[in-house]
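Given these sequences and hints, build the entire structure.
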Amino acid sequence: ETGVTQTPRHLVMGMTNKKSLKCEQHLGHNAMYWYKQSAKKPLELMFVYNFKEQTENNSVPSRFSPECPNSSHLFLHLHTLQPEDSALYLCASSQEGAGLTYNEQFFGPGTRLTVL
Amino acid sequence: KQEVTQIPAALSVPEGENLVLNCSFTDSAIYNLQWFRQDPGKGLTSLLLIQSSQREQTSGRLNASLDKSSGRSTLYIAASQPGDSATYLCAVRGAQKLVFGQGTRLTINP
Numbered sequence: 022e023t024g025v026t027q028t029p030r031h032l033v034m035g036m037t038n039k040k041s042l043k044c045e046q047h048l049g050h051n052a053m054y055w056y057k058q059s060a061k062k063p064l065e066l067m068f069v070y071n072f073k074e075q076t077e078n079n080s081v082p083s084r085f086s087p088e089c090p091n092s093s094h095l096f097l098h099l100h101t102l103q104p105e106d107s108a109l110y111l112c113a114s115s116q117e118g119a120g121l122t123y124n125e126q127f128f129g130p131g132t133r134l135t136v137l
Numbered sequence: 051k052q053e054v055t056q057i058p059a060a061l062s063v064p065e066g067e068n069l070v071l072n073c074s075f076t077d078s079a080i081y082n083l084q085w086f087r088q089d090p091g092k093g094l095t096s097l098l099l100i101q102s103s104q105r106e107q108t109s110g111r112l113n114a115s116l117d118k119s120s121g122r123s124t125l126y127i128a129a130s131q132p133g134d135s136a137t138y139l140c141a142v143r144g145a146q147k148l149v150f151g152q153g154t155r156l157t158i159n160p
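Heads up: the sequence lines are chains A and B, in that order.
Going by the numbering used here, the first residue of the first sequence is number 22, and it counts up by one from there.
Going by the numbering used here, the first residue of the second sequence is number 51, and it counts up by one from there.
Be aware that one or more of the hints could be misleading.
To be verified - The list that follows gives simulated cross-link-like pairs (lysine-lysine, DSS-like), each with its CA atoms no further than 27 Å apart: (1) B:Lys-147 with B:Lys-118; (2) A:Lys-62 with B:Lys-147; (3) A:Lys-61 with B:Lys-92; (4) A:Lys-61 with B:Lys-51; (5) B:Lys-51 with A:Lys-62; (6) A:Lys-43 with B:Lys-147; (7) A:Lys-43 with A:Lys-57; (8) B:Lys-147 with A:Lys-73; (9) A:Lys-62 with B:Lys-92; (10) A:Lys-40 with B:Lys-51; (11) A:Lys-39 with B:Lys-92; (12) A:Lys-62 with A:Lys-40; (13) A:Lys-40 with A:Lys-61; (14) A:Lys-62 with A:Lys-39; (15) A:Lys-62 with B:Lys-118; (16) A:Lys-40 with B:Lys-92; (17) B:Lys-51 with B:Lys-147; (18) B:Lys-92 with A:Lys-57; (19) B:Lys-92 with A:Lys-43; (20) A:Lys-57 with B:Lys-51; (21) A:Lys-73 with A:Lys-43; (22) A:Lys-73 with A:Lys-40; (23) A:Lys-61 with A:Lys-73; (24) B:Lys-118 with A:Lys-73.
To be verified - With the C-beta cut set under 7 Å, the calculated list includes, among others, these residues of chain A facing chain B: (25) Pro-63; (26) Leu-64; (27) Met-67; (28) Glu-105; (29) Leu-111; (30) Phe-128; (31) Gly-129; (32) Pro-130; (33) Gly-131.
What the hints assert, rightly or not - Where chain A lies over chain B, by a calculated footprint (3+ residues, C-beta under 8 Å): (34) 89-101; (35) 150-160.
Everything labelled a hint here was simulated from the structure, so no lab data went into it.
Quick caveat, the model's predicted, so the values are computed rather than measured.
Glycine included, C-beta positions come from ideal geometry on N, C-alpha and C.
Right, dumping it as structure tokens:
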């Protein structure tokens, strides 16, 4: 596997279900991100993890719960979602650090989530 | 609050033409600007990254320019091909946060 991978690629869930999205990066990066892409809206940053520590929560509802067990893996746990949460969820990674030029973010293919 | 605007929202041109996509941003205090390509239902592919100290970057038929003081960037595509059809997104980076435009949907007609 290379780059950033995401599973599953497609997910359909009911509003009472609990599911998780998984992201794995094979680039040796130390920062990972969750983004949401809804129809007709720009990509929105949800969460940022640096060295496994959450450094940003962009006012995301608590029904979305991120987890970063190590610098290569990132999860997004979902529970009691609403139909308006249906979107493409994208994971990204980058290499960050003091004194480094701010680097590119590399994106995974996304998980297409449909909430019924 | 940083806002990124891409004009036009959609563009359709015949194959072989050179074209320019535009991106503007409201806060010039950026670290870098990235151009991405997104195919329908897919993730983002990074095309070019311009650091705030740079004026342009080139990769193959693509050339991106950055004028930080005026809050503008352009993506120039030379000799367009049907395979260039996709949505092109620009994103500016402040601290660790990328702020995206809504994209330009490009169609290259054979």
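Consistency of the hints with the structure:
no., hint, verdict
1, B:Lys-147 with B:Lys-118, "holds, 17 Å"
2, A:Lys-62 with B:Lys-147, "holds, 17 Å"
3, A:Lys-61 with B:Lys-92, "holds, 15 Å"
4, A:Lys-61 with B:Lys-51, "holds, 20 Å"
5, B:Lys-51 with A:Lys-62, "holds, 17 Å"
6, A:Lys-43 with B:Lys-147, "holds, 21 Å"
7, A:Lys-43 with A:Lys-57, "holds, 14 Å"
8, B:Lys-147 with A:Lys-73, "holds, 17 Å"
9, A:Lys-62 with B:Lys-92, "holds, 16 Å"
10, A:Lys-40 with B:Lys-51, "violated, 33 Å"
11, A:Lys-39 with B:Lys-92, "holds, 24 Å"
12, A:Lys-62 with A:Lys-40, "holds, 24 Å"
13, A:Lys-40 with A:Lys-61, "holds, 25 Å"
14, A:Lys-62 with A:Lys-39, "holds, 26 Å"
15, A:Lys-62 with B:Lys-118, "holds, 25 Å"
16, A:Lys-40 with B:Lys-92, "holds, 21 Å"
17, B:Lys-51 with B:Lys-147, "holds, 12 Å"
18, B:Lys-92 with A:Lys-57, "holds, 13 Å"
19, B:Lys-92 with A:Lys-43, "holds, 16 Å"
20, A:Lys-57 with B:Lys-51, "holds, 19 Å"
21, A:Lys-73 with A:Lys-43, "holds, 15 Å"
22, A:Lys-73 with A:Lys-40, "holds, 21 Å"
23, A:Lys-61 with A:Lys-73, "violated, 32 Å"
24, B:Lys-118 with A:Lys-73, "violated, 32 Å"
25, Pro-63, "holds, 5 Å"
26, Leu-64, "holds, 4 Å"
27, Met-67, "violated, 11 Å"
28, Glu-105, "violated, 18 Å"
29, Leu-111, "holds, 6 Å"
30, Phe-128, "holds, 4 Å"
31, Gly-129, "holds, 5 Å"
32, Pro-130, "holds, 4 Å"
33, Gly-131, "holds, 5 Å"
34, 89-101, "holds (count 8)"
35, 150-160, "holds (count 4)"
In summary, the numbered hints that this structure violates are 10, 23, 24, 27, 28.
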